[in-house]
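Construct the entire structure; sequences and hints are all you get.
Read in order, the letters of the sequence shown correspond to residues 1 to 70 in the numbering used here.
These aren't lab readings, by the way, just hints derived from the structure by calculation.
Some hints could be false.
[Stated by the list, open to error] With beta-carbon atoms standing in for the labels, derived distance ranges:
#1 Met67 <-> Pro4: 31 to 41 angstroms
#2 Ala40 <-> Pro8: 12 to 22 angstroms
#3 Asp6 <-> Gln70: 12 to 22 angstroms
#4 Gly42 <-> Asn17: 16 to 26 angstroms
Every residue, glycine too, gets a C-beta built ideally from N, C-alpha and C.
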Amino acid sequence: MVNPFDDPDGTFLVLVNDELQYSLWPAFVRVPDGWTVALAAGSREEAVEFVDRTWTDMRPKSLVDAMAEQ
Numbered sequence: 001m002v003n004p005f006d007d008p009d010g011t012f013l014v015l016v017n018d019e020l021q022y023s024l025w026p027a028f029v030r031v032p033d034g035w036t037v038a039l040a041a042g043s044r045e046e047a048v049e050f051v052d053r054t055w056t057d058m059r060p061k062s063l064v065d066a067m068a069e070q
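Now the structure itself:
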């Protein structure tokens with residue numbers, strides 16, 4: 001049995017939280033509270049490519065904001 005989070009043939013969403021952190025999420029699983037859909041259901045490859053292009057700064061938003069205030 002393949003873990004649904006690692007399934008190369010699965011359908012995935014890309015989620016984002018308030019800290020601008022991204023997550024690949026199996027499309028059949030309910031989106032957890034605190035997360036919103038950043039990319040609609042697609043292949044795992046499409047989701048990974050989107051995250052690679054979009055999430056270029058791995059720091060949480062709160063850290064980025066705190067550092068900008070200094």
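The hints, checked one at a time:
no.	hint	verdict
1	Met67 <-> Pro4: 31 to 41 angstroms	36 angstroms, holds
2	Ala40 <-> Pro8: 12 to 22 angstroms	19 angstroms, holds
3	Asp6 <-> Gln70: 12 to 22 angstroms	39 angstroms, violated
4	Gly42 <-> Asn17: 16 to 26 angstroms	20 angstroms, holds
In summary, the structure is inconsistent with hint 3 from the numbered list given earlier, while agreeing with all the others.
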